[in-house]
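S.K.: Sequence:
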Amino acid sequence: MHAPSLTPFELANGLTRLVAGGAMPEGRVASAWQAVQDLPIIYHQLRDAPSVIRLARQLDRHSAYDAAYLNLAQELAATCWTLDGRLVRNASQLGLPVQLVAT
Numbered sequence: 002m003h004a005p006s007l008t009p010f011e012l013a014n015g016l017t018r019l020v021a022g023g024a025m026p027e028g029r030v031a032s033a034w035q036a037v038q039d040l041p042i043i044y045h046q047l048r049d050a051p052s053v054i055r056l057a058r059q060l061d062r063h064s065a066y067d068a069a070y071l072n073l074a075q076e077l078a079a080t081c082w083t084l085d086g087r088l089v090r091n092a093s094q095l096g097l098p099v100q101l102v103a104t
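Per my numbering, numbering of the sequence shown is gapless, rising by one per residue and ending at 104.
Just so you know, the hints here were simulated from the structure itself, not pulled from any lab data. None of the values given here were measured: they were computed from a predicted structure. Among the clues, some could well be false.
Pairwise CB distance ranges, derived in the manner of DEER restraints [as the list claims (entries may be wrong)]: (1) Val102 - Ser64: 15 to 25 angstroms; (2) Ile54 - Gly28: 32 to 42 angstroms; (3) Phe10 - Asp61: 34 to 44 angstroms; (4) Tyr44 - Arg18: 19 to 29 angstroms; (5) Pro9 - Asp85: 12 to 22 angstroms; (6) Leu40 - Arg90: 25 to 35 angstroms.
C-beta: ideal position from N, C-alpha, C; glycine also.
With these hints in hand, go ahead and build the complete structure from the sequences.
M.R.: Right, here's the structure in full:
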């Protein structure tokens with residue numbers, strides 16, 4: 002599994018939102034974080050910011066986070082898997098390699 006180096010920050014943000022919203026007790030954060038750390042993820046540094054920014058604008062996004070994942074998928078000739086239906090819709094219209102994770 003591959004991901005941009007920003008991924009741990011996004012995961013920490015997700016855990017913060019779960020705790021703040023009452024969906025996860027704060028006492029489970031450490032074990033959840035350890036489970037994330039145990040995943041076999043190879044993190045990649047941002048190599049081409051102009052391409053990521055251009056892609057973000059093509060996706061009509063105001064941040065580069067999602068575009069970083071898609072750009073990495075393109076660099077690796079891989080498919081980007083996401084829970085974000087809007088991202089799948091917009092990226093698919095651009096012919097980008099993206100799939101919705103079934104929940």
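S.K.: Against this structure, judge whether each hint is valid.
M.R.: Do the hints match the structure? See the list:
Taken as a hint, the range 15 to 25 angstroms holds for the pair valine 102 and serine 64, whose Cβ atoms sit roughly 21 angstroms apart. Taking 32 to 42 angstroms as the suggested C-beta distance range, the pair isoleucine 54 and glycine 28 conforms, at roughly 40 angstroms. The hinted range of 34 to 44 angstroms is not satisfied by phenylalanine 10 and aspartate 61, whose Cβ atoms lie roughly 23 angstroms apart. For the hinted restraint 19 to 29 angstroms between tyrosine 44 and arginine 18, the CB-CB distance of approximately 22 angstroms keeps it satisfied.
Between proline 9 and aspartate 85 the C-beta distance comes to about 18 angstroms, which sits within the given range of 12 to 22 angstroms. For leucine 40 paired with arginine 90, a C-beta distance near 27 angstroms keeps the hint of 25 to 35 angstroms intact.
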